[in-house]
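All chains should be modelled from the sequences, with the hints used to inform the complete structure.
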Amino acid sequence: MHLFKMFFKLVNRNKTGLIIYGIITIVMLASLMMMVNSNAGDAAGISAEKKSYDISYIDNDDSELSKALVEYMDVNNTMTDYSDKNESEISNLVFFDITDFHMEIPEGFEEAIENGKDYKEITYSSCEGAKSYISYDIDSQVNGFIQAYQNYIKLGYDKAEAASKAKDLMTTNATLTVVSDTKTDDTNKDKNIVIANINQFYPYLILGMLTLGIGHTIIANNKKEISDRVNVGPVPGYMTQLINTLGLMVSGVIIWAIFMGINLIYGHDTEVIKQYGWVVALNSFVCMLSCCAITSLLTSLIKNSNILSMTTNIVGLSMSFFCGVFVPMRFIGSKVLTFAKFLPFYWTVYVNNMTYEPYSKYAFDLKQVIIGISIEFLFAVVLAAIALLAASKRIIKE
Amino acid sequence: MFTYYLRNNLRNKTFLFWCLCFPLALMLCFKIAFGNLTTVDTIITLDTAVIYTGENAKYEESFQTMMDNLTEGEEPLFKVHEYSSEDAVTKALIKGDIDLAFKVTDGNVEVLLSNSYTDTACAVGRAVADTYMNNYTLIEDAFAKNPMEAMTLIDSLGEEIDVLVPAPSNFVDESPNPYIWYFYSSFVMGMLFNSMNGVNMVYDIKADVSSAAMRVSVSPSKKSRMILACFMSKLVVALVINIVQLFIMKNIFEVPLGNNYFKLGLFVVACNVFAIAFGEVCGSLMKGTLDNRENKVTAIIMTSVFLSGEMIASLPGFLELNCPIINDINPATVMNMAFYRLAYSTKDFDFYTNMAKIIITAIALLAISIVILRREKYASV
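If you're matching them up, the sequences are chains A and B in order. Residue numbers are given in my numbering: position 383 of the first sequence equals residue 383, and the series is strictly consecutive. Every number in my numbering is 1000 more than the matching position in the second sequence, counting from 1.
Worth flagging that the hints you see were computed from the coordinates, not collected in a lab. Any given hint might turn out to be false.
Ranges between beta-carbon positions, derived for each pair [stated by the list, open to error]:
hint: 1; chain 1: B; residue 1: PRO1324; chain 2: A; residue 2: LEU388; range: 48 to 58 Å
hint: 2; chain 1: A; residue 1: SER227; chain 2: B; residue 2: ILE1363; range: 50 to 60 Å
hint: 3; chain 1: A; residue 1: PRO106; chain 2: B; residue 2: ALA1356; range: 32 to 42 Å
hint: 4; chain 1: A; residue 1: ASP168; chain 2: B; residue 2: ASN1069; range: 24 to 34 Å
hint: 5; chain 1: B; residue 1: GLU1160; chain 2: A; residue 2: THR172; range: 19 to 29 Å
Straight line, CA to CA, 25 Å or less: simulated BS3-like cross-link-like pairs of lysine-lysine [claimed, not checked]:
hint: 6; chain 1: A; residue 1: LYS224; chain 2: B; residue 2: LYS1013
hint: 7; chain 1: A; residue 1: LYS367; chain 2: B; residue 2: LYS1095
hint: 8; chain 1: B; residue 1: LYS1095; chain 2: A; residue 2: LYS15
Per the computed footprint, the stretches of chain B lying under chain A, defined by three or more beta-carbons under 8 Å from a beta-carbon of chain A, are [to be verified]:
hint: 9; segment: 1023-1032
hint: 10; segment: 1059-1071
hint: 11; segment: 1112-1121
hint: 12; segment: 1134-1143
hint: 13; segment: 1148-1155
hint: 14; segment: 1318-1326
hint: 15; segment: 1345-1355
Positions of the beta carbon are idealized from the N, C-alpha and C atoms, including for glycine.
Listed below in structure tokens is the structure:
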């Protein structure tokens, strides 16, 4: 018990790593909540219920037609007037994807449209490629509206009537229905996205906390001066190793409990927790076990705190990028995902994806969940066995 | 003295890792993670099915004609699959065999999507259905208002108009790739880690901080030469590291770096001078052990790097819109902006504005650090 207490006193002395990852967690949570609240549609791609692109514009024509076009586009999109911004500012906002699509209506646009084919063109800039669905969709909205306006003019309507009729016509949209064999309650969509993301980032954060927060303590405990001092006491030789493992596991369980607390407090009314709370709990627990095993392995092989920091950053970040922690799995190439299957984080993210299908696009499948968690557990066992082997070799060597 | 400090730097593995290896490792991760993103949004042929449940044969026939047009050509928009019933289509959607389906009833087209629908299927399906429904209504209106004109109108509906054209790009690519920011940001972060070198310089020169500096202080060498040798050794190593990184960025990660090597050289030298001088000033003014001072400087740099969008690329854009002053005074953002304008933008003015900010601040910091390091006298040595 004395050694166990000492372990946590050492953790307290080396708490920088825990504080850093604690701050990262808070910043991530705050950023997620802020971004989801400011643009819920974007966070989960476009919505089947409503078109929603952020479109900026400068109307140099200020005509019936240009005003009607902007009004029509505003029905299904968020239109922002950028006439007070200079070219450089607009260029930056386009680059940072703050606006999905920026368009500039030229002077004399209405007149040219009425004259027939020699119309002046609306120029646009966007981060989306010409072949992207956003370009296709906005292109179809703008061209459809202009074509309808032209046709109403041909039918004998005056400018104002034609613009108004074109707007009425174009705002009548087709119905979109999502068919599913599972019921999805989307009343708490924003919260569901935040919770799904918290669980997505969890592997990266817990690995960082365990390795950089607790790993330094294990390295300090493994130092010859400390182990020699422990060895002169009336405790068996294996005790230091056992205390290290026990301390690591207890710390892991505490961090896991905090994460589950955040899940339950913030997301108690979300579909993710209400429907799949047990999957989240089990998946994150097994992930914690595999992270403990990785920490054990790293601390058995590494004797220096600086090298531990470097290795942890590389291992944590690369596994997170390969396995879909930072970028949703559906965006990662199939070859990368095939490689990622040999890493424990892949299975954590894979199972987590199934807890909120509308965001991840992975349908819930109990069999796949069990397979995923089992593989994760196997990783934990294998890595722990290798860590044990490495630690005993190191002890014999010393 | 220069060689001594140079060797010291090259033996500092921690410094080499954070300045050289870590940014490259991050870039590799970005390349793997974001390499596929630009192709995800691209429209490819979508698998679909059409269900007719209405009694208006003309409405269905017109829809079928439109679908026939959309399934033709080398890169058709749709590939239509045949199913025996509506249930079979629903099952195919849920199973993922088809991306979307159209349910055509009298005067209405419904787009059916699976729960795991893609953004592309949703946007394209909606656009096609809307266009069809709107055109049909328009023709009905035409027959009601002016039957003579209606036939001409039907013919003109087949003609495509395209009023949207890309603006002359301010970027080297036609469509700017926002993910490129992560690469620029990682490179700038690596340069800013040189502030640790600045802190180390304080450790090497200030006699009240380390025994090594105390020993150097009693040597007959001129203090100014000592400072210059130490500073240049750190700058040379930093520049070599940056050249290696830029080479890898350009040739392996295929990140655009622009074609003007003078501007690139100016940028890299100015940023490194800034970073080292910043580290020197912070290291001189802060208290505590070398580790403590380094940790404090790391905290400042990481905050600056976070605000510049290293973790969330759209953050500088969000700040530009809501609080542009933060972007104007944050060193990492100013450097990132300068780098992206140099490498990715076709406009020079903004690049030089940012460079002016970096150079003026670097000179000021350098002057302060020299004053602190050179002028300080010690009673006991």
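Status of the hints after comparison with the structure:
As the Cβ distance of B:PRO1324 to A:LEU388 is approximately 55 Å, the hint placing it in 48 to 58 Å holds. At roughly 53 Å, the beta-carbon separation of A:SER227 and B:ILE1363 lies within the given 50 to 60 Å, and the hint holds. At about 34 Å, the beta-carbon gap between A:PRO106 and B:ALA1356 stays in the expected band of 32 to 42 Å. In this structure the supplied range 24 to 34 Å holds for A:ASP168 paired with B:ASN1069, their Cβ-Cβ distance being about 27 Å.
Distance hint check for B:GLU1160 and A:THR172: the Cβ-Cβ separation is about 21 Å, which falls inside the suggested range of 19 to 29 Å. Between A:LYS224 and B:LYS1013 the alpha-carbon distance is near 24 Å, which keeps this suggested pair within the 25 Å criterion. Distance check on the hinted pair: A:LYS367 and B:LYS1095 sit about 16 Å apart at the alpha-carbon level, within 25 Å; holds. Between B:LYS1095 and A:LYS15 the alpha-carbon distance is near 49 Å, which puts this suggested pair outside the 25 Å criterion.
Counting residues of the segment 1023-1032 of chain B whose C-beta lies closer than 8 Å to any C-beta of chain A gives 6; at least three are required, and the coverage claim holds. Proximity of the segment 1059-1071 of chain B to chain A, defined as three or more residues with a beta carbon under 8 Å from a beta carbon of that chain, is not established by the 0 residues found. Proximity of the segment 1112-1121 of chain B to chain A, defined as three or more residues with a beta carbon under 8 Å from a beta carbon of that chain, is established by the 9 residues found. For the segment 1134-1143 of chain B, the stated coverage by chain A holds: 5 residues have a C-beta nearer than 8 Å to a C-beta of that chain, and at least 3 were required.
Restraint check on the segment 1148-1155 of chain B versus chain A: 3 residues with Cβ-Cβ distances below 8 Å, three needed, restraint holds. Here the segment 1318-1326 of chain B counts 3 residues with a CB under 8 Å from a CB of chain A, which clears the bar of 3, and the coverage holds. For the segment 1345-1355 of chain B, the assignment as covered by chain A holds, since 4 residues bring a beta-carbon within under 8 Å of that chain's beta-carbons and 3 suffice.
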